[in-house]
Every structure is written in structure tokens, then in C-alpha cells.
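Novice: Assembly of the complex is requested from the two constituent chains, each provided in isolation within its own frame, with the hints serving as guidance.
The listed protein sequences derive, respectively, from chains A and B. All residue numbers for the first sequence refer to the numbering used here, where the first residue is 1 and numbers rise by one. All residue numbers for the second sequence refer to the numbering used here, where the first residue is 1001 and numbers rise by one.
Hint data in this document are derived by calculation from the structure and do not stem from the laboratory. Quick caveat: nothing in here was measured; it's all calculated off a predicted structure. All the pointers check out, no bait thrown in.
Capping the alpha-carbon separation at 30 Å, the derived lysine-lysine pairs in DSS-like fashion look like this:
no., chain 1, residue 1, chain 2, residue 2
1, A, Lys150, A, Lys69
2, A, Lys191, A, Lys105
3, A, Lys65, A, Lys150
4, B, Lys1134, A, Lys191
5, B, Lys1003, A, Lys16
6, A, Lys69, A, Lys83
If the Cβ cut is set under 7 Å, some of the chain A residues that face chain B in the computed set are:
no., residue
7, Val124
8, Leu127
9, Tyr128
10, Ala131
11, Gly134
12, Val137
13, Ile141
14, Leu184
Take a look, some chain A residues computed to stay more than 10 Å from chain B by CB distance:
no., residue
15, Thr32
16, Glu35
17, Leu87
18, Ile119
19, Ile333
Glycine is no exception: its CB is placed at the ideal position from the N, C-alpha and C atoms.
If you want the building blocks of each chain, they are given just below.
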Amino acid sequence: MPDINTLIEVALIIVKVIVVSLILFTLPIPLTWIERKVAGHIQVRLGPFRVGPHGILQPVADMIKLMFKEDIAPDKADKWLFKFAPLFAMVPAFAVYAAIPFGDKITIPIINKEVTLYISDMNVGILYILAVGGISVYGIILGGWASNSKYALLGGIRSSAQMISYEIALTFSCIGVVMTSNSLSLLDIVKLQSGTILGFIPHWNIICQPIGFAIFFIAALAEINRIPFDLPEDEGSLAAGYHVEYSAMKFSFFMLTEYLAMVTASVLTVILFFGGWNAPLFMPEIPIFWFVAKVGFFIYLFMWIRFTLPRYRYDQLMTIGWKILLPLSLLNILLTGLFLL
Amino acid sequence: MEKLFFLIFAVIAIVSAIGVVSLRNPVHSAISLMVCFLQVAALFILLRSPFLAAVQVFIYVGAVVVLFLFAVMVLDLGKERFGGYLHHQRPIALVVVIGFVFVMGFTILHGSLDAPLGNYTEEALVKNTEIMGKLLFTKYVFPFEVVSFLLLIALIGAIVLAMKEKR
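Pulled out of the complex, with its shape left as it was, chain B reads as follows (with noise of 0.2 Å):
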């Protein structure tokens, strides 16, 4: 049973990831990437993380397609309809893919499908949102706080950018 849902997220998750960089019209590719998104979130439901798959669908399908959809939706899309988007890159996208390939290979042949449950039971980690939380202030705080500083300069970044144009 969970195979079978596995697979129906997967394969639409696929599809849908194939959509986002084939078709034409950027608002239907960003919508591609909602769904996929979608999918996403479901494969967490299926890996017993609720916490992570309403954090998916909140901030990724709520929030970061929309902010696509609305930067794309005031372009011009007649103008801006992918022709030519391959500027020359096709040896370098070529080493990427087969290196990715090689990689993904090499961790599915050798990867195991159970990982350790370590120290929390199959119970305790129902509640996973309040272990997941603890973890993160306590033994992960300084990744944590490393990562929120570089969304914050990305932020920065970002407005600089924009002021920039206005002048």
C-alpha cells in the first residue's frame, strides 16, 4: 500500500519536475513546480515527518511559487518566452547530469532502506515537531543560527539589488 502511494507521488513528482524546465510559458512551469512541490510534501507524509511536510507546503508551495508566480505574471511573456535558453551550456549541463547519475547510482546501490532509529522510540516520535525543536536549539544551534545569517544576508542582498535599479 505505502509502495503503491510512494510511486504515485514519485511518478508525478517526476513529471511534473520534467514540466517545470520543458514548458514554454513560465507561469505554467511555476506551476509545475507547485505540484512537484505537492508531491514532495506527500513523500515527507509517507516518511512519518508531518512536521516537514506542512513546513514544505507552507513555505514552498505558499509562499515561494507565489512570489514566482507574481514576479512572472508582470513580465511581458511575450517577450520572455524561452527561446535559445541554452546559451552555450550543454557540455557543461552534460558533465553535471552524468556526474549526478553517478552519484545517485552509487547511493542507491549501496545505501540501506532502514536507517537507525537512535535514541527515540517509534512512539516518541510521534510528537516529532517537540524533539525536532529541543534538537535544534540545544544541540544544533549553531548550524541553526548559521543558516537564518545567510538567509539574512541573502535578504540584504537581495533589497541592495533592488535599490540599485530604482537610481
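Same shape as in the complex, but just chain A (with noise of 0.2 Å):
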């Protein structure tokens, strides 16, 4: 028999399981909303008006629809991987969250216990991130595959091969914070950019590291397919690309996806390069409060640059991929050493 600290501290960990996988569940409804009122604004017109009062209430009909839809499968498709490639792209994303810190420690008042606000702090924790977050590429190709369609077979490769070029930039844009960090976990190196540089600058990976990221954030564009990168889903010439079969739930279990990286990437921008919980300038510290207003600041970025900026082209995408970003993350990396030394 275990005893009892042992218990809470594994109730606990069940505790922070589910509430974080209840967060993420829901975080797409409101988050389809604010998309498409961002985009109605910027495009100069109302965006969802009808169901509540500015289209609150929008996400949850498109709910009550996807639910209620009929699910078809085609003819010819590939059964089990047509069933089990939206669970190979949802299931990674919300793994990636078991090493994510959202903040230090807080103590609750009542009962005086100090709770960790991270499910697991990993010595490999920017790793084990970028290699879940890379098992992602399994839904989307399985998906295009299982479907036996020309558009979403032309899809699913497309993006594999996005997918995996610009995993290699990403990767080694990450590496600088590392090596100015000298760890790789996570809740280090958000520790290490606490305080401020000449007394008013904050500390942040950001004024070090302003190339990586620069190579960082382009590459996460591309990784999670938004716009500019949005070639996976080119409405114009592939019509939706991989998912353009699915309907119903299936489909809207890789829209979930789809919000969560963007939602993931948010959080990686901001744990390694704009200092995570840590707040700006003489601001008072509060727990979370300050993380999820950065948090919530990129992901209003995303929306932005989605609406503002065009769609590349295949080639110019990998051009971009394999002759820009990767020569630049390598340069990057020496010339962090060279800092270093």
C-alpha cells in the first residue's frame, strides 16, 4: 500500500490531465468565432451576425451541424485508417501539453498546498514537444491516403513533404535558445529569462535571439498550414485538400486539431522567446494571467497575417523551406556559439 502523499500527487496528476484536456476541447469553440470575426473585420464587414448577439452563439450551431451531420465514408476508401486518421492527428496534440508549463508554482489558499501549474517537468522537454508535435504529419497523410481521392491523396503529400522541411528549420531555430539556455527543459528556460538586461529591457530569448525567431516563427507558420503556408488546403486547386472527404465529426476533429497547433504554436513562441509567465517590464507578476495574454496575443497574430497576407506557391514555399530559412537556422547556430565562447 502506497502511501498517502503518493496518492494525492497521482490524484493530482489526473487532476491536471483532465482539466487541461478540458480547456483544450473547448478552446476551439470560442477560438472559431473570434477567427471569423477577426477576418470580418479585417475584410471590412460583419463576419457571423445572425444566431445570438454578434454571432456569439455561431460556434455552437456549427456544433449542433457537424454533430448531427451524417458521417459518409467513400465507397473505396481504406476503412480503419479512414476512421483512425483523425485520432492520429488529435491525439499528438494534446500530448504535446503534457510537457508544456503554464506557470511556476501556486499555492492554493484554503488546504495550503503548493500545485505545479505543468503536468511534467521533462529534461527533454523541447524535444519530446517538437517530436510529438512532428506525429501530427500521420493524420493528415493517412487521411489523404485513406480517402482514395486524387484531391486529398494530393493534399496529404503536399503537406508530408511541407511538413517535413520545415520541421528541420524549426528544430534548429530552437536549438539557439538551448544553447543560451543551457537546458532542455522547458521550465528552465523560461526561468532564465527573468529579469531585465541595463535595468529596463526584459530578459527575454527574443533580444538574443532574434534570428531564430524570426526562422521560428516563419517555420511554425508553415508547420501548422496557415497562411501563408497554407498549401495542404489550397481551396483553389485541391479544393480542401486532405480532409475533403470527411464530414461530420471526423472532420471536425482535425479542425480541433488545426486550432490546437495553432493554439500550440502560440505557446512555444511565447515559452521560448518572449519569456512565458514571466511579465513584462514592472508589471505585476500574476500566475497565468501573464501567459495567457501572450499566448492569447500571437494567436490574434495568426488570425492577422491569415487575412492580410497572400497564399505562396508550391515551389516558392520549398524554395523558401530548404534555401532560406535552413542556411539561415545553421548560421544562427554558429553564430550563437561564437556569442557563447
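Specialist: Laid out in C-alpha cells, this is it:
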């Protein structure tokens, strides 16, 4: 029989996992509404306006629609893979959050117990996140292949080539951060970004890794398939890309994955380059608040970019990835090494 | 507890490995291979080598099998379904399998489960990524460079083969 403290720890971890998963499951619901509203206002129109005040109930209506829609599978599709592909995409998107720290520690007032605001502090945290995040590509490839449709297959092939190409630049841009923080643990990386340089500039990695940040951000845009790199679901030439044959709940799993990927990219940008939960300048430290605020800003930035920039051509995409970002990220590692010496 | 997890991972790894060679559809084989690699990564975690586990997922699951799938998907699967893929290899395969079983049996019977810890204490090994990096670039720098050189040669070889096909 294990003692009571271990049991409490185990129960605490289970509670944290459930809370984080629930938040992640519900997060896309407001995000779809915000995205359409942002789109509307950027393009000087209203966006969703019919369901509820300012269309705020639109996601609920969409959810009901997706749940009750007929679930169609193409006749010659690979039945098993067709069913499992959305799960292949979704599970890694959730699994990434096992290693993401949302804050350091807080003390719950009444029972006076210290609770850490992360599920686990792995000493290979950043590697784990990049590795597990990379598994998401299976959902896209298999979904595209199993549908037995030309458009879906082409979308799947395009996106697998794109994600593998940009994963290299993404990983290499993280190496600069790892070198300056001398740790692979995300908790240590954030802790080292507290304090200031010269008394007024926050000691965030963006200051010492500007090239790294630029590469990371562009590669992340490509990795989560957002405009200007949303070639996998190029409506103009591919209908809707890899999920063209999916409907109802299976389709919504893919949408959920895409929104979660956007959240993950924002979270990683904040943790690696913008000081995590450290407050900017001389603002007071409030647990979680600053973290959520910064993540929210980056989510908005992703939406902003989506409705501002046009899409790249496929050959341009590959040129940017292999001929510009990859050499630049290697140069960044070299420069970081020279500065550290 | 640890033994239970080991058994779960090992059984799934072996079943999926059998799936890789016995499934008819190459895409299904590739997925089995991915499952097998994931189980091996889990075994690395049980062996307290989180770095190796992460790298296993990163390179094998995230890149190698994706490239396999990428290549297999564009094949005409109607023709490429494995029919008669044992081209008179049965006797050779038999010899290799018997040899493999013999070597495995010998190692299992004569090996020990507790390897000596060497220079490092249990605490120092928590940060084993750092130790591994230092060793790779000091003590084992020569084999490390040889391996990267071999990989480079393989890379150039692959490009040369692909170039010939084009002409």
C-alpha cells in the first residue's frame, strides 16, 4: 500500500490532465468565432451576426450541425485508416501539452498546498514537444491516402513534404535557445528569461535570438499549415486538401487539431522567446495571467496574418524552406556559438 | 509495475513487428513499423534514457516512416501488393533466423540485468543529455565523425541513384 502523499500526487496529476484536456477540447469553440470575427473586421464586413448577439452562438450552432450531420465514408476508402486518421492527428496535439509549463507554482489558499502549473517537467521537454508535434503529420497523410481521392492524396503528399521540410528549420531555430539557456527543460528556459538587461529591457530570448525567433515563427506558420503556407488545403487547386472527403465529427476532429496546433505554436513562441509567464517591464507578477495574455496576442497575430497575406506557390514554399530558412538557422547556431564563446 | 509496462510495450512491439512483414498492404506495414518504433521509444523511457526516446520518436517516427509513407503512397498499390516476395530466399532466411535465435539465446542466458553504473551516480544521470553530448564530442568524437561521414556518403549515393533515373 503506497502512502497517502504519493496517492495525492497521483490524483493531482490525473486532475491536471483532465483539466488541461477539457480546456483544450473547449478552446476551439470560442476560437472559431474569434477567427471569423477578426476575418470579418479585417475585410471590412461584419462576420457571423445571425446566431445570438454579434453571432456569439455561431460556434454552438456549428457544433450541433457537425454532430448531427451524416457521417459519409467514400466507397473505396480504406475503412480502418479512414476512421483512425483523425485520431492520429488529434492525439499528438493533446499529448504535447504533457510537457508544457503554464506557470511555476501556486499555493492553493485554503488547504495550503503547493501545486505546480505543469503536468510534468521533463528534462528533454523541448525535444519531446517537437517530436510528438511531428507525429501529427500522420493524421494528414493517412487521412489523405485513406480517402481514395485524388485531391485528398495530393493534399496529403504536399503537406507531408512541407511539414518535414519546415520541421528541420523549426528544430534548428530552437537549438539557439537551448544553447543560451543550457537546458532542454522548458521550465529552466523560462526561468532563465526572468529579470532585465541594463535595468529596463526584459531578459527575453527574443533580444538575444532575433534571427532564431524569425525562423521559428515562419517555420511554425508552415508547420501548422496557416496562410501564407496553407498549401495542404489550397482551396483554389485542391478543393480542401487532405480532409476533402471527411464530414461530421471526423471533420471536426481535424479542425480541432488545426486550432490546437495554432495554440501550441503560440504557446511555444511565448515560452521560447517571450519569457513565458514572466511579466513584461515592471508589471506585477500574476500567475497564469501574463502567460495567457501573451499566448492570446500570438493567436491574434496568426489570425491577422491569415487575412492579410496571400498564399505562396508550392515551389516558392520549398525554396523558402530549404534555401533560405535552413541555411539561416545553421548560421544562427554558429553565431550563437561564437557569442557564447 | 515496471515489469508490467515492459511486457505491454514488448508485446505490442513484437506484434507490430510481425505486422510489418506479414501485412499485404505496404501502407499498413509502414503504420505497423511506426507503432513498433513508438514502443521501442517507450522501452527507452523505461531504461531511463529520455533523450534516446525523444530522438527515436523524432527521427524514426517523425521522419523516416513519414518518408516511407510518402514513397509508398505514390506507388501504384494494385501492382505493388506483395505477392511472391520470397524470391528463393527461404534457405538463406532460415540460416539467418537460426543464427539470430542462437545469438539471442546466448546473450539472454549469459547476460546480466544490472549493468554497472560506471563513473556516474544516479543523480548525475538525470541530466543524461548533457553527459551524452560531452562524451560524444570528447571521448567518442572519432566514431561520431566516422558515422556522420558514412551518412553523408549514403546521402550522396541516394542522390546519384535518383539522378541516373532521370536521364
